[in-house]
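Novice: So the chains spell out like this:
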Amino acid sequence: MPFITVALLIGIAFAIILLKKNMIKMVMGIGIMESAVNLFLITIGYREDGIAPIFTNAPEGVDMVLPTVQALTLTNIVIGVATTALMISMIMIIYKKYGTLNSDKMRRLKE
Amino acid sequence: MSLLLDNMPALLIAVSLFGAFLIPIFGRFLPKIRDPWVILVSFLASLIAVINAVTVFTKGTVVYVFGAAAGSSAASIDSGGLPFRIIFTIDGFGAFMLLSAAIVSFAVILYLVSSQKERSGKSEFYALYLLLTAGIFGMVSTGDMFNFFVFLEINSLAAAALVSYHRNGGIAVEGALKYLIVNTVGGLMVLLSIGLLYAQYDSLNMAVIASQMTWTTLNIVALVLFITALAMKAGTVPFHYATPDAYSVAPSGITALMVVASQAGLYGLFRILFTVYGGALNTVTVGWVIIILGILSMVIGVTMALPQKDVKRLLAYHAVSQTGYMLLGVGVALAVLGDPVALSAYGQTAMEGGLFHIINHALYKGLLFLAVGAVIYRTGVWNLNKLGGLGHNMKWTMIFFLIGALAIAGIPPFNGFASKLMIYESVFAFNPILSVIAMIVSILTLASFMKVFHSVFMGPKLPEFENVKEVPKLMIAGMVILTIFVIGFGLVPDLVVDSIVTPAADALLNQGSYIAAVLGGVL
Numbered sequence: 000m001p002f003i004t005v006a007l008l009i010g011i012a013f014a015i016i017l018l019k020k021n022m023i024k025m026v027m028g029i030g031i032m033e034s035a036v037n038l039f040l041i042t043i044g045y046r047e048d049g050i051a052p053i054f055t056n057a058p059e060g061v062d063m064v065l066p067t068v069q070a071l072t073l074t075n076i077v078i079g080v081a082t083t084a085l086m087i088s089m090i091m092i093i094y095k096k097y098g099t100l101n102s103d104k105m106r107r108l109k110e
Numbered sequence: 000m001s002l003l004l005d006n007m008p009a010l011l012i013a014v015s016l017f018g019a020f021l022i023p024i025f026g027r028f029l030p031k032i033r034d035p036w037v038i039l040v041s042f043l044a045s046l047i048a049v050i051n052a053v054t055v056f057t058k059g060t061v062v063y064v065f066g067a068a069a070g071s072s073a074a075s076i077d078s079g080g081l082p083f084r085i086i087f088t089i090d091g092f093g094a095f096m097l098l099s100a101a102i103v104s105f106a107v108i109l110y111l112v113s114s115q116k117e118r119s120g121k122s123e124f125y126a127l128y129l130l131l132t133a134g135i136f137g138m139v140s141t142g143d144m145f146n147f148f149v150f151l152e153i154n155s156l157a158a159a160a161l162v163s164y165h166r167n168g169g170i171a172v173e174g175a176l177k178y179l180i181v182n183t184v185g186g187l188m189v190l191l192s193i194g195l196l197y198a199q200y201d202s203l204n205m206a207v208i209a210s211q212m213t214w215t216t217l218n219i220v221a222l223v224l225f226i227t228a229l230a231m232k233a234g235t236v237p238f239h240y241a242t243p244d245a246y247s248v249a250p251s252g253i254t255a256l257m258v259v260a261s262q263a264g265l266y267g268l269f270r271i272l273f274t275v276y277g278g279a280l281n282t283v284t285v286g287w288v289i290i291i292l293g294i295l296s297m298v299i300g301v302t303m304a305l306p307q308k309d310v311k312r313l314l315a316y317h318a319v320s321q322t323g324y325m326l327l328g329v330g331v332a333l334a335v336l337g338d339p340v341a342l343s344a345y346g347q348t349a350m351e352g353g354l355f356h357i358i359n360h361a362l363y364k365g366l367l368f369l370a371v372g373a374v375i376y377r378t379g380v381w382n383l384n385k386l387g388g389l390g391h392n393m394k395w396t397m398i399f400f401l402i403g404a405l406a407i408a409g410i411p412p413f414n415g416f417a418s419k420l421m422i423y424e425s426v427f428a429f430n431p432i433l434s435v436i437a438m439i440v441s442i443l444t445l446a447s448f449m450k451v452f453h454s455v456f457m458g459p460k461l462p463e464f465e466n467v468k469e470v471p472k473l474m475i476a477g478m479v480i481l482t483i484f485v486i487g488f489g490l491v492p493d494l495v496v497d498s499i500v501t502p503a504a505d506a507l508l509n510q511g512s513y514i515a516a517v518l519g520g521v522l
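Each protein sequence line maps, in turn, to chains A and P. In this text, residue positions in the first sequence follow numbering that gives the first Met the number 0: the first is 0, and each later residue adds one. In this text, residue positions in the second sequence follow numbering that gives the first Met the number 0: the first is 0, and each later residue adds one.
Among these hints, one or two may not hold up.
Claimed, not checked - Lysine-lysine pairs mimicking DSS-like chemistry, simulated, CA-CA at most 25 Å apart:
{"hint": "1", "chain 1": "P", "residue 1": "Lys121", "chain 2": "P", "residue 2": "Lys450"}
{"hint": "2", "chain 1": "A", "residue 1": "Lys104", "chain 2": "P", "residue 2": "Lys308"}
{"hint": "3", "chain 1": "P", "residue 1": "Lys58", "chain 2": "P", "residue 2": "Lys116"}
{"hint": "4", "chain 1": "P", "residue 1": "Lys450", "chain 2": "P", "residue 2": "Lys460"}
{"hint": "5", "chain 1": "A", "residue 1": "Lys104", "chain 2": "P", "residue 2": "Lys311"}
{"hint": "6", "chain 1": "P", "residue 1": "Lys121", "chain 2": "P", "residue 2": "Lys385"}
{"hint": "7", "chain 1": "P", "residue 1": "Lys468", "chain 2": "P", "residue 2": "Lys308"}
{"hint": "8", "chain 1": "P", "residue 1": "Lys58", "chain 2": "P", "residue 2": "Lys121"}
{"hint": "9", "chain 1": "A", "residue 1": "Lys96", "chain 2": "P", "residue 2": "Lys311"}
{"hint": "10", "chain 1": "A", "residue 1": "Lys95", "chain 2": "P", "residue 2": "Lys121"}
{"hint": "11", "chain 1": "A", "residue 1": "Lys19", "chain 2": "A", "residue 2": "Lys95"}
{"hint": "12", "chain 1": "P", "residue 1": "Lys311", "chain 2": "P", "residue 2": "Lys468"}
{"hint": "13", "chain 1": "P", "residue 1": "Lys308", "chain 2": "P", "residue 2": "Lys450"}
{"hint": "14", "chain 1": "P", "residue 1": "Lys311", "chain 2": "P", "residue 2": "Lys385"}
{"hint": "15", "chain 1": "P", "residue 1": "Lys121", "chain 2": "A", "residue 2": "Lys96"}
To be verified - Okay, the calculated beta carbon distance ranges per label pair:
{"hint": "16", "chain 1": "P", "residue 1": "Lys394", "chain 2": "A", "residue 2": "Lys24", "range": "31 to 37 Å"}
{"hint": "17", "chain 1": "P", "residue 1": "Gly59", "chain 2": "A", "residue 2": "Ile76", "range": "37 to 43 Å"}
{"hint": "18", "chain 1": "P", "residue 1": "Asn281", "chain 2": "A", "residue 2": "Gly49", "range": "54 to 60 Å"}
{"hint": "19", "chain 1": "A", "residue 1": "Asn21", "chain 2": "P", "residue 2": "Ile398", "range": "45 to 51 Å"}
{"hint": "20", "chain 1": "P", "residue 1": "Thr302", "chain 2": "A", "residue 2": "Met27", "range": "34 to 40 Å"}
{"hint": "21", "chain 1": "A", "residue 1": "Met0", "chain 2": "P", "residue 2": "Val220", "range": "17 to 23 Å"}
{"hint": "22", "chain 1": "P", "residue 1": "Gly278", "chain 2": "A", "residue 2": "Glu47", "range": "20 to 26 Å"}
{"hint": "23", "chain 1": "A", "residue 1": "Lys95", "chain 2": "P", "residue 2": "Asn6", "range": "45 to 51 Å"}
{"hint": "24", "chain 1": "A", "residue 1": "Gly10", "chain 2": "P", "residue 2": "Ala344", "range": "55 to 61 Å"}
{"hint": "25", "chain 1": "A", "residue 1": "Lys20", "chain 2": "P", "residue 2": "His391", "range": "45 to 51 Å"}
{"hint": "26", "chain 1": "P", "residue 1": "Thr302", "chain 2": "A", "residue 2": "Glu47", "range": "53 to 59 Å"}
Unchecked claim - Residues from chain A that face chain P, not an exhaustive set, calculated with beta carbons under 7 Å:
{"hint": "27", "residue": "Leu38"}
{"hint": "28", "residue": "Phe39"}
{"hint": "29", "residue": "Val77"}
{"hint": "30", "residue": "Ile78"}
{"hint": "31", "residue": "Thr82"}
{"hint": "32", "residue": "Ile93"}
Simulated from the structure, these hints should not be mistaken for lab results. Note that the structure is a prediction, hence the values are computed from the model and not measured. Glycine is no exception: its CB is placed at the ideal position from the N, C-alpha and C atoms.
Could you put together the complete structure from these sequences and hints?
Specialist: Dropping the structure here:
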């Protein structure tokens, strides 16, 4: 079930990035894709009835969820913040200079 | 001293990062020593990269385990035989890429310190530059999948920020935004496929995954994602639209380093194909996919370059085209990987030609971008139709540009000839048509560069460029370093191939030795 959600979210994100003209919406699409990947990573580490992976005083015979993927997710969230911040600040500059957010009207490079 | 030598792989990253984060402090309180500091840090980082590379070429693959006592094996005893620590694995191919990044990054920083003198916001600019270097060094030396992703993101973020540094009326930001979006989507796809592999093999270590790799549907999905994402980073067709946009608006020195940054993506692609998947691949199919990508990049890149008027955009399309040669050479080797006779007959040579072309391209394309940057630095004009007659006043720049142009067109005795000849010969044995296409592209490249050379440097002096002077000495020094290597590699190609290219090709072709170097006798 979570995997279907992941696939669906990635599909939606791709559609947004490819089809939307508004650059803010494209950044939001990338945000959705990032969440989808994070969800995927957390899901593959999930164990039914698992407990937090802390070995001190851990009860015997109980499954633990995988800690590695959680570390990966945490790192990816931090990277995602940096990327989003950089993209949004670039869009701010473009808006100041061009007066538009429409990606079709960003054609100064081609002239 | 031995403590330093034992921890060389870690210093590779540490020196650049430490140096980078001190720059803003120096810029704030001691602006005078900032520029020497930047050159010093870059020199140290390059020196360490060269030392690492030499160690690898003389003593074999270096495996460095972070947070463990020096010399301990990747899999510690209490982990039950699974290496769970972050490791750096520098084999022949990694060392080869380290060399190319080290040479270019040091040459470029000399050039930048001089060409950025009158610009504002230099502290952050140099800090980002060193971060980009750290990202490239990290990508080519890590032995851990997730670590590779982190360095890939450092690389993309630093490169995008540098591209947009001189806003230039918003144009630079536009190019940078496209580059960043493409790279972020690519990065997330890499992470997704890393997740797919982790779910199956419970490990992020490349060697562990490689030792258990099979050809299943899930792995094919992961491979397709990897190829797509890393082709995006390397800027090949069909993802070539972002590359020229970003290259043409970035500060010239930065573009030279971004060529290397893109090649780190190419490194990732070859590493995944040969080392992680290796024998488990359906080599003929995947090999042909790579060959077709290469041919398309070559042809589309060069045909798009011909009509360009913006000189840096033209060079950027040639970068796409040259990437095609590397993919062609390595793709042929991959296609015959399962056939030992063909592999030793021409596959090995194709591989070596493709890899040799990586370092050659980094050198001469770096040189060309620096020379063109020198012209723009003095004239402020990008348009080929408005430039002309600069050969009278900028003799050194003209000579450097000419050497770079002849090298990229594959004229002896420069380095481009050596690697292209290896590619032609071996690809001809595999499929003559592919080789003919490669030669035609090479002729078109020559035609295009003669046009640029003629319109920028030849002809009578134009009145508006009457008082143009030669660029400062440090900028020339940066170009001289690259020129020495361009000519040197062209004069003694056998020596270079034997000492650095063959180990790199062997490291990729021999998957077992990589796994054995990391895991030892544990599994």
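Novice: Now look at each hint and say whether the structure bears it out.
Specialist: Going down the list of hints, with the structure as the test:
For the hint linking Lys121/P to Lys450/P, the alpha-carbon distance of about 35 Å lies beyond 25 Å, and the restraint is violated. Distance check on the hinted pair: Lys104/A and Lys308/P sit about 22 Å apart at the alpha-carbon level, within 25 Å; holds. Taking the CA atoms of Lys58/P and Lys116/P, the gap is near 42 Å; set against the 25 Å cutoff, the hint is violated. With a CA separation close to 17 Å, the supplied pair Lys450/P and Lys460/P stays within the 25 Å bound.
Proposed proximity of Lys104/A and Lys311/P is supported: the alpha carbons are some 23 Å apart, at most 25 Å. Of the supplied pair hints, the one linking Lys121/P and Lys385/P is violated, its CA atoms being roughly 30 Å apart against a limit of 25 Å. Taking the CA atoms of Lys468/P and Lys308/P, the gap is about 24 Å. The hint holds against a cut of 25 Å. Straight-line distance between C-alpha atoms of Lys58/P and Lys121/P comes to about 40 Å, which puts the hinted pair past the 25 Å bound.
As the CA atoms of Lys96/A and Lys311/P are separated by approximately 23 Å, the hinted pair is consistent with the 25 Å bound. With a CA separation close to 23 Å, the supplied pair Lys95/A and Lys121/P stays within the 25 Å bound. Only pairs whose Cα atoms come within 25 Å are accepted, and Lys19/A paired with Lys95/A is accepted, the gap being roughly 21 Å. Proposed proximity of Lys311/P and Lys468/P is supported: the alpha carbons are some 21 Å apart, at most 25 Å.
Taking the CA atoms of Lys308/P and Lys450/P, the gap is about 11 Å. The hint holds against a cut of 25 Å. As the CA atoms of Lys311/P and Lys385/P are separated by approximately 14 Å, the hinted pair is consistent with the 25 Å bound. Restraint check: the Cα-Cα separation between Lys121/P and Lys96/A comes to about 23 Å, which is no more than 25 Å; the hinted pair holds. Checking the proposed 31 to 37 Å range against Lys394/P and Lys24/A shows it is violated: the Cβ atoms sit about 52 Å from each other.
Taking the beta carbon of each, Gly59/P and Ile76/A are about 38 Å apart, inside 37 to 43 Å as hinted. Separated by about 37 Å at the C-beta atoms, Asn281/P and Gly49/A break the suggested range of 54 to 60 Å. Distance hint check for Asn21/A and Ile398/P: the Cβ-Cβ separation is about 49 Å, which falls inside the suggested range of 45 to 51 Å. At about 36 Å, the beta-carbon gap between Thr302/P and Met27/A stays in the expected band of 34 to 40 Å.
The supplied range of 17 to 23 Å is met by Met0/A and Val220/P, whose beta-carbon atoms lie about 19 Å from each other. Taking 20 to 26 Å as the suggested C-beta distance range, the pair Gly278/P and Glu47/A does not conform, at roughly 36 Å. Taking the beta carbon of each, Lys95/A and Asn6/P are about 46 Å apart, inside 45 to 51 Å as hinted. A beta carbon spacing of about 46 Å between Gly10/A and Ala344/P contradicts the range 55 to 61 Å that was offered as a hint.
Restraint check, Lys20/A to His391/P: a C-beta distance of roughly 48 Å satisfies the suggested window 45 to 51 Å. Range check, Thr302/P to Glu47/A: Cβ separation about 57 Å, and the 53 to 59 Å hint holds. For Leu38/A, the interface hint is violated, the least distance from its beta-carbon to any beta-carbon of chain P being 10 Å, above 7 Å. Among the interface hints, the one on Phe39/A holds; its C-beta lies about 5 Å from the nearest C-beta in chain P, closer than the 7 Å criterion.
At its closest, the beta carbon of Val77/A sits 10 Å from a beta carbon of chain P; the interface hint therefore is violated under the 7 Å criterion. Residue-level restraint check for Ile78/A holds (minimum Cβ-Cβ distance to chain P is 5 Å; threshold 7 Å). Annotation: Thr82/A was flagged as interfacial toward chain P, and the flag holds, the nearest CB pair being 5 Å apart, inside 7 Å. Taking 7 Å as the C-beta contact cut-off toward chain P, the hint placing Ile93/A at the interface holds, the least distance being around 5 Å.
In terms of the numbered hints stated before, the structure departs from hints 1, 3, 6, 8, 16, 18, 22, 24, 27 and 29, listed from lowest to highest.
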